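Once you've looked at the hints, dock chain B against the given chain A.
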Amino acid sequence: MITVTHYLMLSAILFAIGTLGVLTRKNAIVVFMCIEVMLNAVNLTFIALSRHVGNLDGQIFVFFVMTVAAAEAAVGLALLIAFYRNKETLDVDDFNMLKW
Amino acid sequence: MNQESLQSLLPQILLALGSTAILLGGAWVRNRRLWLLVGALVAIVAALVAAFVEPPQIDILGMYSASAYARFCTVLWSLTVAATLVISCRYVDIFRFGGGEYASLMLFAAAGMSLLSAATSFVGLFLGLEVLTLALYILIAFRHGDTRGAEAGMKYLVFGAVATAFLAFAIALIYTATGTFNLQAAAVGLQAGDGLRPLGLAGWALLLVAVGFKISLVPFHLWTPDVYQGAPAPVSGLLATAAKGAVLAAFLPLLVMSGEGIADIKAILWLLAIATMLVGTFAALPQTNIKRMLAYSSVVHMGYLMIALIVAGADGSRALLFYLVVYSLATFGAFGIITTFADENGEIQDYDDLRGLAALHPRRSALLAVFLLSLTGIPPLAGFFAKFGLFQAAFRGGYAELAVIGVIASVISVYYYVRPVIALYAPESASVCRDVAARSETLLLVGCAAVIVILGVYPTPLLSLVALIIP
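Chains as they are written, first to last, in the working numbering: chain A, 718 to 817; chain B, 283 to 753.
In isolation and in its complexed conformation, chain A is listed as follows (with noise of 0.2 Å):
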């Protein structure tokens, strides 16, 4: 029997692996995938609870987290165009003219 503890278990372990990908990996397309992961994680989140309290809210928040993520996407490929127009390379190590 499948319980609303697995569906968290689950959505926990997508979040912890997002974040520990957005921590290491270089590429940073790879790391905007590994923020919609964890920004999946969270919609798992959300439908399993509100099926599991039985009220709508958290399938509504589940459309804004959406909407949101597409919006970020859409600023984010923009962004990591016109960076990569100005230097060349994707790379994390890479964004490296700003410091202290």
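What the hints contain is simulated information worked out from the structure, not anything from laboratory work. Among these hints, one or two may not hold up.
Stated by the list, open to error - As a list, the in silico SDA-like pairs of lysine to any residue whose alpha-carbon atoms are at most 25 Å apart:
#  : chain 1 : residue 1 : chain 2 : residue 2
1  : A       : 743       : B       : 378
2  : A       : 743       : A       : 808
3  : A       : 743       : B       : 420
4  : A       : 804       : B       : 441
5  : A       : 804       : B       : 335
6  : A       : 804       : B       : 378
7  : A       : 804       : B       : 440
8  : A       : 804       : B       : 632
9  : A       : 743       : B       : 505
10 : A       : 743       : A       : 731
11 : A       : 804       : B       : 377
12 : A       : 804       : B       : 430
13 : A       : 804       : B       : 501
14 : A       : 804       : B       : 376
15 : A       : 743       : B       : 491
16 : A       : 804       : B       : 426
17 : A       : 804       : B       : 548
18 : A       : 804       : B       : 323
19 : A       : 743       : B       : 427
20 : A       : 743       : B       : 631
21 : A       : 804       : B       : 627
22 : A       : 804       : B       : 380
23 : A       : 804       : B       : 491
24 : A       : 804       : B       : 429
25 : A       : 804       : B       : 428
26 : A       : 804       : B       : 670
27 : A       : 743       : B       : 501
28 : A       : 743       : B       : 430
29 : A       : 743       : B       : 440
30 : A       : 743       : B       : 428
31 : A       : 804       : B       : 626
32 : B       : 548       : B       : 627
33 : A       : 804       : B       : 427
34 : A       : 743       : B       : 504
As the list claims (entries may be wrong) - Chain A regions said to be covered by chain B (calculated; three or more residues, Cβ under 8 Å):
#  : stretch
35 : 760 to 770
36 : 787 to 796
Here the structure is a predicted model, which is why all the values come from computation and not from measurement. Beta carbons are placed, not taken as given, at the ideal position from N, Cα and C, and that holds for glycine.
Structure of chain B alone, referenced to chain A:
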């Protein structure tokens, strides 16, 4: 959504619609100055509506409030954005920004900030914060072909997107623990000693991480100096003042409440405040770039403001709002001066470039000195009075240790604030004369300095206004 709730949201609707109209209009009429001024006008109208039109409803669909406090915040952020647009007039010409896009994004940011500080539910909070952040991502990287700007934008984007994910997960956990999106109810729900409390506390901890990113508390401040340095100076000014103030303002009503759950949160805030004040101060000391120095200065000032947030109550709230206004004026002014010194070759940032500038540009140098000294807290200026009120509130609220650390941090801060002033008034003369400032820029900055001086000797009007609107 009925007519009353629409009417109560009028200032925010004005900002959002005005922004859309400017975006569309800007595609036909390519006139930078026109759109900037239209944008400033829209922001001022929104501020006037928020200040003088009584809303028919206070609670809007359980998501936003139209209380006096929320309206005061709307006025503050709209005016900051209007001032930023006016001060950018010459700057956008120099760097050939698209005027319509720039003004429109600024207004979107204003709408986001005002929704954020008016939020009474997590849905409203999330949406307001994202509207603000999405507009800022673009504004930071607005300078076309500027590598530093693009890098600053990327850094803010990666940190900001992670903060968004943390915020969303935090809301999910708090929703799990309490079953509600309402901010007040969620904080009250935390007090019940049931089995879900650890989950709720984990949620609040994640929320603090997200907020820590947004207002750059130590240890989440690493993006701040890089982004401020790379972003266009007027945008850095907005980032340091209104964008941070709006986040703080959203949480002030929450921490005014008391209870077991809030006490746990305050214990973490206490640690963050101390770390922020100390690390920020010591990181600011070796800086030789005025934008980076101002970035660390904003980190330290966020630490001071955390003290007021922890003290809470009427005392803390009054000190916080007064401090926020005074700090915003001075920081906006300092970034404004950097904006007026910009020319085709870029902005003046290094202290070496500031050297001896006072002989060539005595008025603007004097203004910059006033703003920096107000941030230090030198007596006749408003910064002194604001700091005095804040530390006094901390003493009275039983947080003497925070006040003492704050006082030590402000004593050390004299060093890094006075360094650029000494460079300005150095005896040797500067190699290059900068452009003449536009009249609107000068008027605005003189106005800021005048308000700082007046509030320093006669703070009563602002204090009584603040006392009137605190939640």
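Consistency of the hints with the structure:
1. For the given pair, residue 743 of chain A sits about 33 Å from residue 378 of chain B by alpha-carbon distance, which is inconsistent with the 25 Å threshold.
2. Among the hinted pairs, residue 743 of chain A with residue 808 of chain A is consistent with the structure: their alpha-carbon atoms are about 5 Å apart, no more than 25 Å.
3. Pair hint residue 743 of chain A plus residue 420 of chain B holds up; C-alpha atoms about 23 Å apart against a cutoff of 25 Å.
4. A hinted pair counts as satisfied when its Cα atoms are at most 25 Å apart, and residue 804 of chain A with residue 441 of chain B qualifies at roughly 20 Å.
5. With a C-alpha separation of about 50 Å, the suggested pair residue 804 of chain A and residue 335 of chain B falls outside the 25 Å cut-off, and the hint is violated.
6. As the CA atoms of residue 804 of chain A and residue 378 of chain B are separated by approximately 21 Å, the hinted pair is consistent with the 25 Å bound.
7. Distance restraint check for residue 804 of chain A and residue 440 of chain B: the Cα-Cα separation of roughly 17 Å lies within the 25 Å cut-off, and the hinted pair is therefore satisfied.
8. Taken as a hint, the residue 804 of chain A and residue 632 of chain B pair is honoured in the structure, with Cα atoms around 24 Å apart against an allowance of 25 Å.
9. The suggested pairing of residue 743 of chain A with residue 505 of chain B holds, with an alpha-carbon distance near 17 Å, which does not exceed 25 Å.
10. Distance hint between residue 743 of chain A and residue 731 of chain A is fulfilled; the C-alpha atoms sit about 19 Å from each other, no more than 25 Å.
11. For the hint linking residue 804 of chain A to residue 377 of chain B, the alpha-carbon distance of about 20 Å falls within 25 Å, and the restraint holds.
12. Using a Cα cut-off of 25 Å, the hinted pair residue 804 of chain A and residue 430 of chain B holds, with the two alpha carbons roughly 10 Å apart.
13. In summary, the hint linking residue 804 of chain A to residue 501 of chain B is not supported, as the alpha carbons are separated by about 29 Å, beyond the 25 Å threshold.
14. Of the pairs offered as hints, the one joining residue 804 of chain A and residue 376 of chain B holds, with about 23 Å between alpha carbons and a cut-off of 25 Å not exceeded.
15. For a cut-off of 25 Å, the pair hint linking residue 743 of chain A to residue 491 of chain B stands: about 23 Å separates their Cα positions.
16. Our distance criterion of 25 Å between C-alpha atoms is met by residue 804 of chain A and residue 426 of chain B, whose separation comes to about 13 Å.
17. With a CA separation close to 44 Å, the supplied pair residue 804 of chain A and residue 548 of chain B exceeds the 25 Å bound.
18. Annotation: proposed proximity of residue 804 of chain A to residue 323 of chain B is violated, straight-line Cα distance about 38 Å (limit 25 Å).
19. Restraint check for residue 743 of chain A and residue 427 of chain B: the C-alpha separation of about 23 Å stays at or below 25 Å, so the hint holds.
20. For the hint pairing residue 743 of chain A with residue 631 of chain B, the CA-to-CA distance comes to about 30 Å; that exceeds 25 Å, so the pair is violated.
21. The suggested pairing of residue 804 of chain A with residue 627 of chain B holds, with an alpha-carbon distance near 20 Å, which does not exceed 25 Å.
22. The hinted pair formed by residue 804 of chain A and residue 380 of chain B meets the criterion: a straight-line CA distance of about 23 Å does not exceed 25 Å.
23. For the proposed pair residue 804 of chain A and residue 491 of chain B, the alpha carbon gap of about 31 Å is over 25 Å, so the pair is violated.
24. A C-alpha spacing of about 7 Å is found between residue 804 of chain A and residue 429 of chain B, which places the hinted pair at or below 25 Å, so the restraint holds.
25. Restraint check for residue 804 of chain A and residue 428 of chain B: the C-alpha separation of about 10 Å stays at or below 25 Å, so the hint holds.
26. For the hint pairing residue 804 of chain A with residue 670 of chain B, the CA-to-CA distance comes to about 48 Å; that exceeds 25 Å, so the pair is violated.
27. Proposed proximity of residue 743 of chain A and residue 501 of chain B is supported: the alpha carbons are some 22 Å apart, at most 25 Å.
28. Taken as a hint, the residue 743 of chain A and residue 430 of chain B pair is honoured in the structure, with Cα atoms around 19 Å apart against an allowance of 25 Å.
29. In summary, the hint linking residue 743 of chain A to residue 440 of chain B is supported, as the alpha carbons are separated by about 12 Å, within the 25 Å threshold.
30. A hinted pair counts as satisfied when its Cα atoms are at most 25 Å apart, and residue 743 of chain A with residue 428 of chain B qualifies at roughly 23 Å.
31. At roughly 22 Å between alpha-carbon atoms, residue 804 of chain A and residue 626 of chain B fall within 25 Å of each other, so this suggested pair holds.
32. A hinted pair counts as satisfied when its Cα atoms are at most 25 Å apart, and residue 548 of chain B with residue 627 of chain B does not qualify at roughly 47 Å.
33. Among the hinted pairs, residue 804 of chain A with residue 427 of chain B is consistent with the structure: their alpha-carbon atoms are about 10 Å apart, no more than 25 Å.
34. Pair hint residue 743 of chain A plus residue 504 of chain B holds up; C-alpha atoms about 18 Å apart against a cutoff of 25 Å.
35. Here the stretch 760 to 770 of chain A counts 4 residues with a CB under 8 Å from a CB of chain B, which clears the bar of 3, and the coverage holds.
36. For a cut-off of 8 Å, the count of residues in the stretch 787 to 796 of chain A with a CB near a CB of chain B stands at 6, and the three-residue condition holds.
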